[in-house]
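Colleague: So the chains spell out like this:
There are 2 protein chains.
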Amino acid sequence: MSEPRSPDAFSPMRWEGPGLQLLEQTKLPAEEVWIDCDTPEQVADAIRRLAVRGAPAIGVAAAYGLVLGMRTVRDPGRLRARFEEVSELLGSTRPTAVNLRWALGRGREVFERSVDQGPEAVTAALLAWARELHAEDVRINRRIGEHGATLFAGGSRVLTHCNTGSLATAGYGTALGVIQSAWRDGKVERVWVDETRPLLQGARLTAWELKKLGIPFRLVTDNSAGILMARGLVDGIVVGADRIAANGDTANKIGTYTVAVLAHRHGVPFYVAAPLSTIDRATPNGAAIPIEERKSSEITEVFGTRIAPDETEALNFAFDVTPAELITGIITEVGVLRPPYERSIAGAFGEP
Amino acid sequence: MSEPRSPDAFSPMRWEGPGLQLLEQTKLPAEEVWIDCDTPEQVADAIRRLAVRGAPAIGVAAAYGLVLGMRTVRDPGRLRARFEEVSELLGSTRPTAVNLRWALGRGREVFERSVDQGPEAVTAALLAWARELHAEDVRINRRIGEHGATLFAGGSRVLTHCNTGSLATAGYGTALGVIQSAWRDGKVERVWVDETRPLLQGARLTAWELKKLGIPFRLVTDNSAGILMARGLVDGIVVGADRIAANGDTANKIGTYTVAVLAHRHGVPFYVAAPLSTIDRATPNGAAIPIEERKSSEITEVFGTRIAPDETEALNFAFDVTPAELITGIITEVGVLRPPYERSIAGAFGEP
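Sequence lines, in order, name chains A and B. The first sequence begins at 1 in the working numbering and counts up by one. The second sequence begins at 1001 in the working numbering and counts up by one.
No wet-lab data here; the hints were simulated from the structure. Be aware that a few hints might be false.
Said to hold, decoys possible - Result set (EDC-like, lysine to aspartate or glutamate): computed pairs, CA atoms no more than 16 Å apart in a straight line:
id: 1; chain 1: B; residue 1: K1212; chain 2: A; residue 2: E311
id: 2; chain 1: B; residue 1: K1211; chain 2: A; residue 2: D310
id: 3; chain 1: A; residue 1: K211; chain 2: B; residue 2: D1310
id: 4; chain 1: B; residue 1: K1212; chain 2: B; residue 2: E1032
id: 5; chain 1: B; residue 1: K1295; chain 2: B; residue 2: E1313
id: 6; chain 1: B; residue 1: K1027; chain 2: B; residue 2: E1313
id: 7; chain 1: B; residue 1: K1187; chain 2: B; residue 2: E1112
id: 8; chain 1: A; residue 1: K211; chain 2: B; residue 2: E1311
id: 9; chain 1: A; residue 1: K212; chain 2: B; residue 2: E1298
id: 10; chain 1: A; residue 1: K211; chain 2: B; residue 2: E1313
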């Protein structure tokens, strides 16, 4: 499966023949290389290295990782211990994005329903579920795009941070899906692409996707969001999310909070686009979201070239938290949630 | 002259024997190379390429550029035309920093006082003046440092943006001079160094200077200022300036405005450190400051490596404007100016 079904939604992963193939995103845009993952260790490594990244994408990759981990079990008595082991391995890769934990939780339900039927049944059930999760994510993203597109007027200049497109999901994207849908509807004049240091997901990945889609964009440094808004050049902002707390506080790529503060000052609408699986109702607010700290060299080296004096130490928070009060709306597959988010989030999950 | 007189203030330029030597800052921190400038064209090129950069430093470099331009004139009748030509050449290099125009204006006064005495007298007068400007800038910066150091309490964690140290001036620095003075007084625990995209003056130059000075620092991406302040890890901010308008609005390196907006939200004091020569009383406010736009490739290439897909166009404003309302104080050689700046700036220039 997972051959690109249409040019607007390719998938950065595919399950073919022997196992999982992932588009090696650390090499984009210079090279388009697919890597083979035959073991859950390889999937965990790819997630840690950011070969596959983006909250929804790592959820789906982890689902396939469970399949790879369970399909080598022959002894029914080993199934449960192995499931715990693989689940722990995949779950420990990245602490902030909650879709990973959410996918592993759904995988556990599939496991429990099939475990009594033996190893082959477990693998078959997990694979069917992982494929469905993969396809479902694309369907969800298209719905997010439809809901989000209604928020923009014609001629909008939309700013986004990091990468939230097909590459960050199973296909189509969240925030970038919204931008794509709005562009289809003739509402987007131009996209401002924050380059998104340190790993340049905006410059490398979002620019790559927008170029493929033929959507007009200009790249800017993260430092430029302020002057763009001060000059009235930004009509709206859409970003993704790695975890949304029950009160609407949102963890996303480092620098998102800064964009939100600027948007608030300038009266520019600031939207978060994410599937409901990114909302973690067990996390009451942003202060309870663990923020991953990554290694110094991601900052001090750019594509292997050192940019700072030897021995320079950098502090590298991978995410920050945007408080709910700065968020105009949260675009989900069930519609656009509005403040107060405690209530609208509960409603999205079917509570009165 | 200009051999480093003490380890706290080396100079990125020196007048030795045949002409001007500039530390080639585009190659730092990997290489410490000095380039020879024998003509004003070479000085203009060095300013444009940012081999020498920082508002005070380009003012002094332009002064030496005038000397280089005038010393080849033999015919007294050619003096005035040549002065206009060289002045125009140097003045057209960069539009935002006002110290350049200020220095050329002072040079014009020196020229007028000496022109009737012939070519040799003009060159001698300009050289004596340029040397004095060079030495005066260091004295001014030390005074800025003394005034600024009084603003910090012990254990301060101070954030700075771009490079404003010895490298950006004739020596000692403006904002980084303040940090150095405060650190000498035992008031600075750590410096947060914004890397300052696109040209990474923070990562390349400020880190290099702080390392030499032995002042503890951590490098961060520009995207990190928000989370640092949200976590209470920043006690104060000091930045330099390229032009300060009569009402206190301040143009400085792109991204400065963003830091100021964040500081305002978090109640963190935000100071600008600059000599009075950076204040342009002929510019009424920030809207009247021309903002230099530089080439796209400064963003799309990092040390020659392409970071974005081919044909990606970037928008590259080199500066932004921080409105006076976000500035806690402007640290000058005559003291710390406070709002309302129309009045305190007029007072600094000797008006009642």
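Colleague: Hints first: check each against the structure and report whether it holds.
Modeller: Structure-based check of each hint:
For the proposed pair K1212 of chain B and E311 of chain A, the alpha carbon gap of about 12 Å is at most 16 Å, so the pair holds. In summary, the hint linking K1211 of chain B to D310 of chain A is supported, as the alpha carbons are separated by about 9 Å, within the 16 Å threshold. The hinted pair formed by K211 of chain A and D1310 of chain B meets the criterion: a straight-line CA distance of about 9 Å does not exceed 16 Å. For the hint pairing K1212 of chain B with E1032 of chain B, the CA-to-CA distance comes to about 13 Å; that is within 16 Å, so the pair holds.
The suggested pairing of K1295 of chain B with E1313 of chain B holds, with an alpha-carbon distance near 9 Å, which does not exceed 16 Å. About 25 Å separates the Cα atoms of K1027 of chain B and E1313 of chain B, which puts this hinted pair outside 16 Å; it is violated. Taking the CA atoms of K1187 of chain B and E1112 of chain B, the gap is near 47 Å; set against the 16 Å cutoff, the hint is violated. Among the hinted pairs, K211 of chain A with E1311 of chain B is consistent with the structure: their alpha-carbon atoms are about 9 Å apart, no more than 16 Å.
Note on K212 of chain A and E1298 of chain B: the hinted pairing is violated, with a Cα-Cα distance of about 23 Å set against a maximum of 16 Å. About 11 Å separates the Cα atoms of K211 of chain A and E1313 of chain B, which keeps this hinted pair within 16 Å; it holds.
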